[in-house]
Amino acid sequence: MSERKFKQVGTRPIRHDGLEKVTGRANFGADYSLPGMLQGAVLRSPHAHAKIVSIDTSPALEVEGVKAVISGRDFPIPTREGDRQQYGDVPDLANNVIARDKVLYHGHAVAAVAATTIEAAQRGAEKIRVEYEVLPPVLDIESAIAPDAAILHDDLVCQGPAPVPSSPTNVARRTLLSGGDIEQGFADSDVVVEREFTTPMVHQGYIEPHATVVETLENGNVTIWCCTQGPFAVRGLTASVTGIELSKIKVIPSEIGGGFGGKTTIYLEPLAVELSRRSGRPVKLVMSREEVFRATGPTSAGRVRVKMGARKDGRLVAAEVVMYYEAGAFPGSPVGAGCMCALSAYCFDHFVIDGYDVVTTKPRVAAYRAPGAPIAAFGVEQVVDEVAERLGLDPIELRLLNAVQENDVAPYGPKYQAIGFRETLEEARKHPNYSATLGPNQGRGVASGFWFNAGLQSSASVHMNEDGTAIVTTGNPDIGGSRAAQAIMVAEELGIGAEQVVPLVGDTESAGYTDLTGGSRTAYATGMAIIEASQDIVRQLRERAAKIWGVELDGVAWEDGRAVPSNGAASDVEPLNLAEIAAQMGATGGPIVAQAAVSPPMAGPGFATHLCDVEVDQETGKVTVLRYTTVQDAGKAVHPSYVEGQMQGGAAQGIGWALNEEYIFDENGVVENPGFLDYRMPVASDLPMIDTVIVEVANPLHPYGVRGVGETPIVPPLACVANAVAAATGKRFTDLPISPPRVLAAIDGD
Amino acid sequence: MARMHVETTINGESAEFLCQPGESLLDALRNELNLTGTKEGCNTGDCGACSVMLDGRLVPSCMVLAPEVEGRSVGTIEGVAQGDELHPLQQKFLEHAALQCGICTPGFIVAAKALLEKNPDPTEEEARYWLAGNLCRCTGYDKIIRAVLDTAAEMNGTNGAATNGAAG
Ligand code: FES
Ligand code: FES
Chain A
-15 MSERKFKQVG TRPIRHDGLE KVTGRANFGA DYSLPGMLQG AVLRSPHAHA KIVSIDTSPA
45 LEVEGVKAVI SGRDFPIPTR EGDRQQYGDV PDLANNVIAR DKVLYHGHAV AAVAATTIEA
105 AQRGAEKIRV EYEVLPPVLD IESAIAPDAA ILHDDLVCQG PAPVPSSPTN VARRTLLSGG
165 DIEQGFADSD VVVEREFTTP MVHQGYIEPH ATVVETLENG NVTIWCCTQG PFAVRGLTAS
225 VTGIELSKIK VIPSEIGGGF GGKTTIYLEP LAVELSRRSG RPVKLVMSRE EVFRATGPTS
285 AGRVRVKMGA RKDGRLVAAE VVMYYEAGAF PGSPVGAGCM CALSAYCFDH FVIDGYDVVT
345 TKPRVAAYRA PGAPIAAFGV EQVVDEVAER LGLDPIELRL LNAVQENDVA PYGPKYQAIG
405 FRETLEEARK HPNYSATLGP NQGRGVASGF WFNAGLQSSA SVHMNEDGTA IVTTGNPDIG
465 GSRAAQAIMV AEELGIGAEQ VVPLVGDTES AGYTDLTGGS RTAYATGMAI IEASQDIVRQ
525 LRERAAKIWG VELDGVAWED GRAVPSNGAA SDVEPLNLAE IAAQMGATGG PIVAQAAVSP
585 PMAGPGFATH LCDVEVDQET GKVTVLRYTT VQDAGKAVHP SYVEGQMQGG AAQGIGWALN
645 EEYIFDENGV VENPGFLDYR MPVASDLPMI DTVIVEVANP LHPYGVRGVG ETPIVPPLAC
705 VANAVAAATG KRFTDLPISP PRVLAAIDGD
Chain B
20 MARMHVETTI NGESAEFLCQ PGESLLDALR NELNLTGTKE GCNTGDCGAC SVMLDGRLVP
80 SCMVLAPEVE GRSVGTIEGV AQGDELHPLQ QKFLEHAALQ CGICTPGFIV AAKALLEKNP
140 DPTEEEARYW LAGNLCRCTG YDKIIRAVLD TAAEMNGTNG AATNGAAG
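Here the protein sequences line up with chains A and B, keeping their order.
In terms of the working numbering, the first sequence has 258 at position 274, counting the first letter as 1, and numbering is strictly consecutive.
To get the working numbering, take the position in the second sequence, counting from 1, and add 19.
Hint data in this document are derived by calculation from the structure and do not stem from the laboratory.
Just so you know, these numbers come straight off a predicted model, no measurement behind them.
Any given hint might turn out to be false.
[Claimed, not checked] Some chain B residues judged to face chain A by a derived CB distance under 10 angstroms, without partners named:
{"id": "1", "residue": "E32"}
{"id": "2", "residue": "S33"}
{"id": "3", "residue": "A34"}
{"id": "4", "residue": "F36"}
{"id": "5", "residue": "C66"}
{"id": "6", "residue": "R76"}
{"id": "7", "residue": "R91"}
{"id": "8", "residue": "P125"}
{"id": "9", "residue": "K137"}
{"id": "10", "residue": "N138"}
{"id": "11", "residue": "T142"}
[Stated by the list, open to error] Which residues of chain A face chain B? A few of them, derived with a C-beta cut under 10 angstroms, are:
{"id": "12", "residue": "G20"}
{"id": "13", "residue": "V270"}
{"id": "14", "residue": "Q519"}
{"id": "15", "residue": "D520"}
{"id": "16", "residue": "R523"}
{"id": "17", "residue": "Q524"}
{"id": "18", "residue": "E527"}
{"id": "19", "residue": "L661"}
{"id": "20", "residue": "I674"}
{"id": "21", "residue": "E680"}
{"id": "22", "residue": "P684"}
{"id": "23", "residue": "P687"}
By construction, the Cβ of each residue, glycine as well, lies at the ideal position given by its N, Cα and C atoms.
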């Protein structure tokens, strides 16, 4: 726990996979090739919403070099019977991977071709004849929930507490959380602020496009190389979609060039499997950036109405939050998580949180860093800011007055154990950013954020080498330095240096089952398994020393990487270091190996408070971020540099979401900006240094006190930037992005 | 279509390859020469993951036709370290944890090396504008900029440190 004196945890060793990555040696998804490999191309729907009347793939086969062609009808009819629900609804997933009867967004995969060259595959794809019956697109929440809306899924039945729309409907689910008496709460309030907010669809924006190579063997075994956050998820989902037995599929994760949640599902893998099966050759499929934008990710567009009441003394009393999130083509927006997070940072005696999952003819959303939470926080944290303003209170003061702490109950049920939210507020208030002088047209924003963090299933194995070094293997792809953190944990337990531990990412046949790298769970849950396995190793090392010394186990203690006599036993012997014990493994009982598995039902939540200073150009409406500071409770930072990196990266993504990023659809549902030129993510010259303050309030659920840190940092920035712009301009911006035309229109409205 | 034969210099060594006339330098490096350290993020010149040097000039290799490098000199990430010695930028990227996923890293190192060759003592702002053609979605750029400025300071024997946003 927090009182423990750490030797390795909290240090900043150079990451173990760093050398490969700074020299260009590391192999990412598109870097694999096999002899005789074919290249694949995917034919995608030109319509946002249409019935597939017929598909004729035969003309593609006439193109020279084309070896296999498939369409949705070449896959088994997906059923809900016996599917693997832990990754979501398999029929929806299968229909998203390749359309069978209906296309539901522009760019929806319809057919795929494998050929000896990429050009031949593309020419083949162009030759495929598809007859469509075009249906009206459904492009926003209003038209999706309108009584006369075109219905995407005839069999969709709305789930959740009444009243919910009866079928047919585009509303897939309602989530309702409530407590107290909301009407009474507003009646008891001295001020009530109510506003409606909208956020557009945005993409995770990982720099590496999706890529996979698949080889099938004569016995039906399949090997998949791909860039993924979860090789076991790829295996399970690909088995479900293709109908191949799970045990015949092996998934080897490549290095992964970013994911942010977007690489937790599958797109290309079943297509490559089927093309490889039919051609008898390895097949490679790589998405273009345009395909990534049109057919993967993004996260929901949202509409959030927030009504909040407070007393004159600054006590928040009541809040009502109504949220509609677009799921894209299939149910599954993160509105449920949005509901869980919306009001979880403050104590409200009276609250209603009402969320709706709405399907539209747009790409199917995928997880994006703290899914659902930033959209909710964009509304809630601006209204909190406005309440403070109306009461003449400092925004940090108001938050401190209402911040949840240990033993408070979150709106979604659990009682908080030790949390560091107040500490983040206090650190933010002390930070020089909070007192820096502001010039004309400049403003300062504050916002906080909450993410519950995930636990899920993890396993790890540790084994000793004869020279006293150790190897740790897990099934979690390293997306941002997790290998280094894992090595540190082994080193901490064994009492050696982190550089004496080799951390490995296993494949689905060499690592035990582990849920994906995501949900801020890897350092937490996989870390627990690693620590447990390492402690088992230490016990075995003590056993070996006891054997060598001829004493009982309790006569040996483990200190600083050495076995030392304890309890007065064998006090005349010299301590044995790890290398000495390891060298005698063979004579003292054989190899020293250990494994552990965990499945923590919950994790310690993460809280953050951000500060942002902006300047608004009165001529152009451009918002420049002058200073940005993130303060976050990490529980215990295992490798502080990578914790800071998560905080800075999340803040930068959030700043992009606040100021620039959005999917722009035309009236037919075609994305008009499917490239990095027009989908404008922050570049180095758009941002200042991003200051970080790590708060450490130990998470009682983890042996070192670790909390997940990856997701919370993207929760506050949308509102933080908006609050800063409001301070600089005197105008509230309720619609994202806060782009120059919107800012100019608001300023000129004076 | 007949493939073209191209003779060029890559990382100081003569090299030859066959390519389609319309093939990009990026594809030729990756697919014909197996130099996969140069990455593709967009293929439209907007992300910098494919940055290489062409006759001493920084270019996105996805925007260069492979046959154009005939008789010219190409520098890629694979040629940045000398023997078993990392370039100071590579070392500083490791020390500053200036990479998370690492897909952007080769491009950033090639681009930053070009910056320091042209401007050995850049300001933070100069570094940020020079590297504005390289996208990184993971780091928020902070540690990358620090690594670049620290490299410059070390190579110049000075002790420059990146300015802190909050001190402004
Ligand atoms: S791949 Fe060349 S700039 Fe993006
Ligand atoms: S480290 Fe992932 S894109 Fe830069």
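### Query
Can you give the numbers of the hints that this structure goes against, from lowest to highest?
Of the numbered hints given earlier, those the structure breaks are 1, 2, 3, 4, 6, 7, 9, 10, 11, 12, 14, 15, 16, 17, 18, 21, 22 and 23, listed in rising order.
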